[in-house]
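K.L.:
Protein chains in written order, with the working numbering: chain V, 1 to 131; chain F, 1 to 149.
Mixed in with the good hints, there may be bad ones.
[To be verified] Derived contacts from chain F toward chain V, CB cut-off under 8 angstroms, selection only:
#1 Q25
#2 R31
#3 N41
#4 G42
#5 L45
#6 K50
#7 S56
#8 R60
#9 G117
#10 L124
#11 D126
Since the hints were derived computationally from the structure, they do not count as laboratory data.
Quick reminder that beta carbons are idealized off the backbone N, C-alpha and C, glycines included.
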Amino acid sequence: MVPTIRVSDCLLVPIQVDLDDATVERLQQQLLREIEAERAQAVILDVSMVDVIDSYISYTISETASMARLMGCRTVLCGIRPHVALTLAQMGVRLRNVAFARDLEHALILARRRGTGGVPGIAPPGPRVRG
Amino acid sequence: MPRQDLGFGVDPESYDIVIHIRREQDIATARQVVKNFAQENGFSLADVTKVTTAVSELARNVYRYAGTGSVCLRRTTRDHGTPGLEIVAVDRGPGISDVARVLAGGFSTYERSLGIGLAGVRRLMDEFEIRSEPGAGTLVRVTKYRRSL
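When you get a sec, could you build the whole thing from the sequences and use the hints?
P.N.:
Take a look at the structure:
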């Protein structure tokens, strides 16, 4: 289990483990369960500690984001390191269904923004009720 | 002692490090080992990441398509002594029937993949060679050279 933190209506996921294939698949299942349980409006994946994002990890993140989207939840990828960005861009990897943020502050803005938050095809969320 | 052959005449004795790929966890192991090796050999953070990502793709291909195989690493040099890191991923798996199509990207016989693995690896590295014989296996040899300071 990757520990997650609830920040208002978002699920913050600081990834601090090496993303081997089994871990990334388990994380997908875990996040879908938690989105439902927490009724999260957005999942923020903080990858600022992640050194390697290869095509399979990218694919699984995109797939998870597309599943989350079907559940009415957007996905923000936060803090991609410069050398990881360089590698992904050079490989020609496209991460789909996610919005990109520089840091947590930016991620929270994108997560709560009405409208698509840079993610095509996401309908604006309804009015939020504050408890 | 008889000379060993990991496939395509690759002799493990002529490499500095050989990682056998047998289980899924070995992909992560290969990644970790090449990361340390590239760091020890003075590669920049950007190049360490490229080489590590390339090995992740190659080791996964071995595991997914062939089941077992090897990733071999060794130091090498180019013309005026520029140091480099050579990586060979070799297996005795089913081979690739259409190498050109795989290298064009966007093609994969494995469903959970972007199909850009090998095409991406070629873009990350300085040299790229692939040999594949259907029924006999696949060899991918890639090299990254250290940027001169």
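K.L.:
Hints first: check each against the structure and report whether it holds.
P.N.:
Results of checking the hints against the structure:
| no. | hint | in the structure |
| --- | --- | --- |
| 1 | Q25 | holds (6 angstroms) |
| 2 | R31 | holds (6 angstroms) |
| 3 | N41 | violated (17 angstroms) |
| 4 | G42 | violated (16 angstroms) |
| 5 | L45 | holds (5 angstroms) |
| 6 | K50 | holds (5 angstroms) |
| 7 | S56 | holds (4 angstroms) |
| 8 | R60 | holds (6 angstroms) |
| 9 | G117 | holds (5 angstroms) |
| 10 | L124 | holds (6 angstroms) |
| 11 | D126 | violated (12 angstroms) |
Checked against the numbered hints given earlier, this structure breaks hints 3, 4 and 11; the rest are met.
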